[in-house]
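A.B. asks: Letter by letter, the chains look like this.
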Amino acid sequence: MNRLPHIWCPGCGNGIVMKAIAQAIDKQGLDQNKTVIVSGIGCSSRASGYMDFDTLHTAHGRAIPFATGIKLANPELNVIVITGDGDCTAIGGNHFIHGARRNVDLTVVLFNNNIYGMTGGQASPLTPLGKKATTAPYGSVDRAFDACELAKAAGATYVARSTAYHVNQMVDLIAEGIANKGFSFVETMTPCPISYGRRNKLGDAAAMLKGMSQQAVPLIAYEKMSEEQREGKIPTGVLHKSQFPEYCSEYAQVICMAGEGEV
Amino acid sequence: MSEARLMQGNEACAEGALAAGVRFFGGYPITPSTEIAEHMAGALPALGGTFIQMEDEIAGIAVVLGAALAGKKVLTATSGPGFSLKQELIGYGCIAEIPAVIVNVQRTGPSTGQPTSPSQGDIMQARWGTHGDHPMIALSPWTVRESFDVAVKAVNYAERFRTPVIILLDEVVGHMRERVVLPRPEEIDVYPRRKPVVTEGEPYKPFKPMDDLVPSPADFGTGHRYHVTGLFHDETGFPSGNAKLTKDVTHRLHEKIMRAQDEITHYDEFFMEDAEIVVVAYGGTARTAYAGVEAARKKGVKVGMVRLMTIWPFADKIIKKIAAQAKAILVPEMNYGQLVLEVERVAAGQAKVVSLPKYDTEIFTPQEIVAAIEDLNAEVAK
Ligand SMILES: Cc1ncc(C[n+]2csc(CCOP(=O)(O)OP(=O)(O)O)c2C)c(N)n1
Ligand code: SF4
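Protein chains in written order, with the working numbering: chain A, 2 to 264; chain B, 497 to 878.
If you are wondering where the hints come from, they were derived from the structure by calculation, not from laboratory data. Backbone N, C-alpha and C fix where the C-beta goes; we use that ideal spot for every residue, glycine too. Don't take each hint at face value.
Covered, in the sense of this in silico footprint (three residues per stretch, anywhere, with C-beta under 8 Å from a C-beta of chain A), are these stretches of chain B [unchecked claim]: (1) 560-569; (2) 579-588; (3) 719-727.
Whole structure, please, built from the sequences with the hints as guidance.
C.D. replies: Structural data, given as structure tokens:
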């Protein structure tokens, strides 16, 4: 690998998620030559460069519309999107909800480290209330999104969440997302010890992973919990599944109609 | 195909793009460009192509750049505010060497400005709108028929040089209807997607330049497996922070287009043999400028005209030539004076260069052009 050393800090969780994506692709037996990885800008988005597929590192926030173009231009390709929490829900928020709404067959994997890692620790829309960032030195007063709820509300047909602690589950969830014919969204919680953990006294990477293991609660258990019990907990696993026609298949019908002169 | 039809400039532009092989359009509606999207929405699926209305203009250019990488010839169309939004990704297309055509049917700005009023205010934005150093090809037609031809050329240049190409329409040409006879398909030269070049026993180098300094990266999904990024990158496509590489790539990006400058510079000359005053005009303004020049000629003024189709790279050879021949150059534009700055730069004091700007939402009248020519004639005769 002449691409090593990679750019990530020691203890960064991005490598874990990247490996999980590769394993999920393998698990689904996707053709390496027919699989495209598209990413935005951020530490997490640099993962595309280390993966042996056709890979596209786009601009900040724009991975989903680029990926939409690839998929529509050649629907036989498997298209997987890698994005960070700022990339996906701040600058790319509009593309994210419209991607989900259209239900193009993409699998979007959000690397959620709760912070802008690449630019050195500014608050993101997924920085929890009260947590510190370089741009929120007194603690964030901006309410955070729940990215999974957002994806569900916008029309994603598969929504799941896992953490870098639960690697096997993460692989399975991404694989299931790839199998879903439609817009699949998998949020993966991943530690950024350097730009987020240190400032918020969350300990080193191992301590952050342990914290995730304590936060994560399978959805079924979470649903049975009281409001108080839910405090500080995050539901994981498959959070939502629905049926809706996939965009490329629908457009193929438009092409048929137009060919028959129905316009 | 070859019968006479009554057609609008925007429609002719869309038809030209289709004739050149465009099979993917993504965009967002905005006056006065919307007819291009509407035309594509109907025409593309009938040709097996794809139209998609995106959530904004940034998504509009992102989706077409993605489709281009997956093998399609692509088009997006917009107007001033949307053109501003697309700028970051126009730069992405330059550095990642992705062929795409962006139509900007200009309207009066800045900002929402005068949405339905004609303008030529985006001349400099087309050249310098995205950040950093990069070359740009921009073409501006002056008739409905030429909107078709310019679209064909733009698609061909995008593919040949692997770069974004801009079509600058103005509201006059975009919305005007004229009788046109379009060429038959066999009369149109179409530049095909460049074929990937693989060297046995070497790792695949998608961004290795060919003899013409243009690389020929493979379409995604064809088994070559490589990386595309907006970061400076080596010939394999992988990012590099190397200073020499950055310098060499920047230079090559410019050179691949400037080497072909003569070929991609298109203009018309009228009444130039003995011209002492030359009007330099483009787009919709060139139409009234021509009427004005003709009328001034009839009055005995030795006036000629150069009509530019290629706006960028700037047609410096012909401007240098007329600066040596003429006493004065008049540059009417529907803006506060933009391309005149380039004319001044190239004329370098050899001829007097006079700006005739118009920014009151009205188009020029031939009378205004004649009056400006006569004033200038009187002035240089002194
Ligand atoms: C248009 C634009 N705005 C801002 C930036 C600067 N920038 C680069 S990465 C980044 C944030 C990345 O955070 P996130 O998406 O959460 O990814 P992470 O680095 O944490 O993986 C920002 C603001 C940019 N590259 N482009
Ligand atoms: S800043 Fe954070 S996200 Fe970025 S590489 Fe370092 S640890 Fe990973």
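A.B. asks: Checking C-beta pairs, does the stretch 719-727 of chain B have three or more residues closer than 8 Å to chain A?
C.D. replies: holds (count 9)
A.B. asks: How does the stretch 560-569 of chain B fare against chain A when you require at least three residues with a CB closer than 8 Å, holds or violated?
C.D. replies: holds (count 9)
A.B. asks: According to a criterion of three or more residues whose C-beta lies within less than 8 Å of a C-beta of chain A, is the stretch 579-588 of chain B covered?
C.D. replies: That given contact holds, which follows from 3 residues of the stretch 579-588 of chain B lying within Cβ reach (below 8 Å) of chain A.
The structure fails none of the hints (numbered hints given earlier).
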